[in-house]
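Protein chains in written order, with the numbering used here: chain A, 1 to 381; chain B, 1 to 478.
If you are wondering where the hints come from, they were derived from the structure by calculation, not from laboratory data. Incorrect hints may have been included.
What the hints assert, rightly or not - Take a look, some chain A residues computed to stay more than 10 Å from chain B by CB distance:
| # | residue |
| --- | --- |
| 1 | Trp170 |
| 2 | Leu206 |
| 3 | Gln208 |
| 4 | Glu344 |
To be verified - 25 Å max Cα-Cα, derived SDA-like pairs, lysine to any residue:
| # | chain 1 | residue 1 | chain 2 | residue 2 |
| --- | --- | --- | --- | --- |
| 5 | B | Lys455 | B | Phe71 |
| 6 | B | Lys183 | A | Thr214 |
| 7 | A | Lys153 | B | Ala233 |
As the list claims (entries may be wrong) - Partial list, derived from the structure: chain B residues whose beta carbon lies under 8 Å from chain A:
| # | residue |
| --- | --- |
| 8 | Arg52 |
| 9 | Asn53 |
| 10 | Gln54 |
| 11 | Gly55 |
| 12 | Ala241 |
| 13 | Leu248 |
| 14 | Asp253 |
| 15 | Met263 |
| 16 | Ala267 |
| 17 | Arg270 |
Every value quoted in this text rests on a predicted model; they were computed, and no experiment measured them. Beta carbons: idealized from backbone N, C-alpha and C, even for Gly.
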Amino acid sequence: MGCGGRALSKEFQRLGDTNTQRLSALGASSQSKAERIVQSVLVQQNTAGRPMLSRVAEAMYWMSRYVERAEHIARIVLINSNMLIDLGELAPEMQEKQWIGVLRILRLDQRPEVQEFLLADKVAKESRCLLGNSFASFMAVESSKSIIHCVTKARENARSIRENISAEMWETLNTLYWNLTGDDVRYRFEEYPQEMFLSVTMGSMLFQGVADQTLPHAQSWQFTQLAKYLERADMICRIVDTNFDILQSADGSYSAMDTPLRNIQWMGMLRSCCSIEAYQRKHLGDLDPQKLAGFLLLDAESPRNVRYSVNAARTAIAGIAASVHPQQVDQAERILGRLNAQLEYAELKHISGPALTGFLREIQDHLADASIAIENAYFLH
Amino acid sequence: MFDKYKLNGIFDEMFSADLTPRPHYEPVYGQLAGLDQADFERRRRMADLSFRNQGITFTVYSDESGVERIFPFDLVPRIVPAAEWQTIEKGLEQRIIALNMFCHDVYHEQRILREGLVPPELIYSAQMFRREMIHVSVPNDVYIHVCGTDLIRDKDGNYLVLEDNARTPSGVSYVLENRTIMKRVFPGLFESYRVRSIEDYPYNLLQCLKELAQYHSDDPTIVILTPGIFNSAYFEHSFLARQMGVELVEGKDLIVDNNFVYMRTTAGMRRVDVIYRRIDDDFLDPLCFRSDSILGVPGMMNAYRCGNVALANAVGTGVCDDKAVYPYVPEMIKFYLSEEPILNNVHTYKCTDKDDLKYVLEHMSELVVKSTNGSGGYGMLMGFEASPDEIADFARKIKSDPRNFIAQHVVQLSQHPSLIDSHFEGRRIDLRPYILYGKKPVVMAGGLTRVALEKNSLVVNSSQGGGSKDTWVVEDVR
């Protein structure tokens, strides 16, 4: 009897986009599904808290992840459009590099549709007319990883679990979605990029704040936290990676570049990570590569850096694991706990010079492993 | 704005024959007549925006992309005086009790068939009669836990029952949301009235579902089963789950093991006691009904027959929705309750009856012919506006399969003022009150008033250009 149901469930379509995680496919636990089901039937009678449907947990997770992703894309595109204004005067040849950097951060540089776009020489031309308007709107509207795509996905997930999120969360997200629809949306992104991109970043932050203040801080909230911080840690890694790469490849060493140009670049990186003010206050505007990397990767206090995010994700998964199966050690918790320790006890030499790339790669691999472990443990019952 | 208002020779809810407002409408009329159009328009936009931002939408199937639409909301409230409502309430209670006894009877002793009041062949040929339910006991002998009965008013203002929806009636979320939005955009209108609250509907529904749990435990696991996000009524399923604080599940979230139903949670399998299912019998269990259903749960029917899970509504209530069974409801009321029906049916010609059939075929151009298993305004013929070819075609269909058709005279539905462009015009309306049946029937005070926004149209279905109104049951006007 049960087999039929299980077979049916396999065909269910997940709304999530798990491509990136599948790249490094590591099974979480070799424990078979049947075993897990038997165990959990036994466990279920004494679970104190209210159980949560796997489907709901998954939608909760992806809703939160997509909102966070939309926010990052909006910020990165906006900051880089603004930077082009400054670069246009100082180093026109940097402009194209800059856009390709953005594409790399968003993992779009290898996509066929983007290749076409590049071949058509649009980037080069457009970027020279200062703001690269049409490129920005491309990132917002058309690409398969566009802002609108992310917000739509987030809303689709939210819509399938409306009874599990607060009315205020739904209304915030829904309002954000409707802001990005209509025939004139492309026009609006081209004419008022600042306003449109800001509305997305602010909309995301509003949504997260509303979630914190209206959703009970139980399992479902912890899934949103987990997703948000995993996404954030990953994005910051990508931003740091790409920016250091651009500056390094510019002339072999950071210092070889003109100081103003270099500073613009570093500040752009901080802005892309929403960290400029916090950094300025801590290091009084000393834009030193090692300090920058240290701040964005290892700082314990700023909520916009990798270590903080990993730690927050670890706390969230620990909370989920404790309420679901207190006796077992959760695979994702293990991975994130180890990663957290690694970041906490890292030395500056691990992140300076050529070591940085490897260090970032390692963090990203661990993050991907954690995502897969979460999926196996909670979503694929 | 009422300058050009016409009565069109039918019953008008707001005005009596000499165009003076009826007493219970006086305060509303006074306020609406004093409004200017821009103000009204502003309030309407406010309402539309609220609906959109809250995602109170339904999905239109005919559109390829499955576009979400707002259910058009008409800001002029429909008002029913308490005294009038009392009769409706009594009539609905009487009707649901009789229908429920009928369900129990046809799946057990079948007294009503053996005594010849309802022809057995009619029941056995009903598409929605479920042989699987014969001699299956359901909790508290209640089959129809939620019923939506469509009422209309004829040209003299009498309330008549047009049809019963004893399977999974939808629309109740709009009733609740309409009221919320009405309070937001037109708080002033409520001032002169004492409008009966409808807020307790989700609470009552939850109580009704709790009573179904097998051991009446304090904390049964109750879920709503939805076909999923693409269903046109998905908003309502989610709305009710939110209002009641129960889990909303899809078929793929459930699994049957050893005749118990479980849901898949992050912590493993969790037993389910009561399912308020919003999918039809046909799709409930691919092992028992339609094998191509991917909405249902294999093995559900066995778990249900074992009494390990309760369903609301019970399986097999569709037999009451069959329009060929509908003409017998007054008989049922007399048979089971020994009472006279309080709410009457629309007079109906049964095509299975020889005399009736003869009459129908001779008077096709005056009648409305309905397929007994159609709904949503599909599969019917409006004789008075059909071409001779269409009539001949339908006559052939009736003759070849009389079981499948009934016919009624056209009922001139009552009209109610709606804002059309810049002034008020009369538009046809009906009323769908919702009845819950736990230990005893509870009728929601009001219901969904649907309005045909097309001029002269008699079809109020949302799929065919209908809108809705807030419906007030008011104590005597001060």
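Going down the list of hints, with the structure as the test:
1. The non-interface label for Trp170/A is inconsistent with chain B: the shortest C-beta to C-beta separation is roughly 6 Å, within 10 Å.
2. The Cβ of Leu206/A sits about 14 Å from the closest Cβ of chain B, beyond the 10 Å cut-off, so the non-interface label holds.
3. In this structure Gln208/A is separated from chain B by more than 10 Å, as the shortest Cβ-Cβ distance comes to about 19 Å.
4. For Glu344/A, the non-interface assignment is confirmed: its Cβ lies about 28 Å from the closest Cβ of chain B, beyond the 10 Å cut-off.
5. Among the hinted pairs, Lys455/B with Phe71/B is consistent with the structure: their alpha-carbon atoms are about 18 Å apart, no more than 25 Å.
6. Note on Lys183/B and Thr214/A: the hinted pairing holds, with a Cα-Cα distance of about 24 Å set against a maximum of 25 Å.
7. Restraint check for Lys153/A and Ala233/B: satisfied, since their Cα atoms lie roughly 21 Å apart, inside the 25 Å limit.
8. The interface hint given for Arg52/B is met, as the beta carbon of that residue sits about 6 Å from the closest beta carbon of chain A, less than 8 Å.
9. Among the interface hints, the one on Asn53/B holds; its C-beta lies about 5 Å from the nearest C-beta in chain A, closer than the 8 Å criterion.
10. Interface restraint check for Gln54/B: the shortest CB-CB distance to chain A comes to about 6 Å, inside 8 Å, so the restraint holds.
11. Hint status for Gly55/B relative to chain A: holds, with the closest Cβ pair at about 5 Å, below 8 Å.
12. The closest approach between the C-beta of Ala241/B and any C-beta of chain A is roughly 4 Å, which is under the 8 Å cut-off, so the hint is satisfied.
13. At its closest, the beta carbon of Leu248/B sits 5 Å from a beta carbon of chain A; the interface hint therefore holds under the 8 Å criterion.
14. Nearest Cβ of chain A to the Cβ of Asp253/B: about 5 Å, under the 8 Å cut. The hint holds.
15. Proximity of Met263/B to chain A holds as hinted, the smallest CB-CB distance being about 6 Å (cut-off 8 Å).
16. With its C-beta approaching chain A no nearer than about 4 Å, Ala267/B sits inside the 8 Å limit, and its interface hint holds.
17. Annotation: interface hint on Arg270/B holds; nearest CB of chain A at approximately 5 Å, less than 8 Å.
Of the hints listed earlier, the one the structure fails to meet is number 1.
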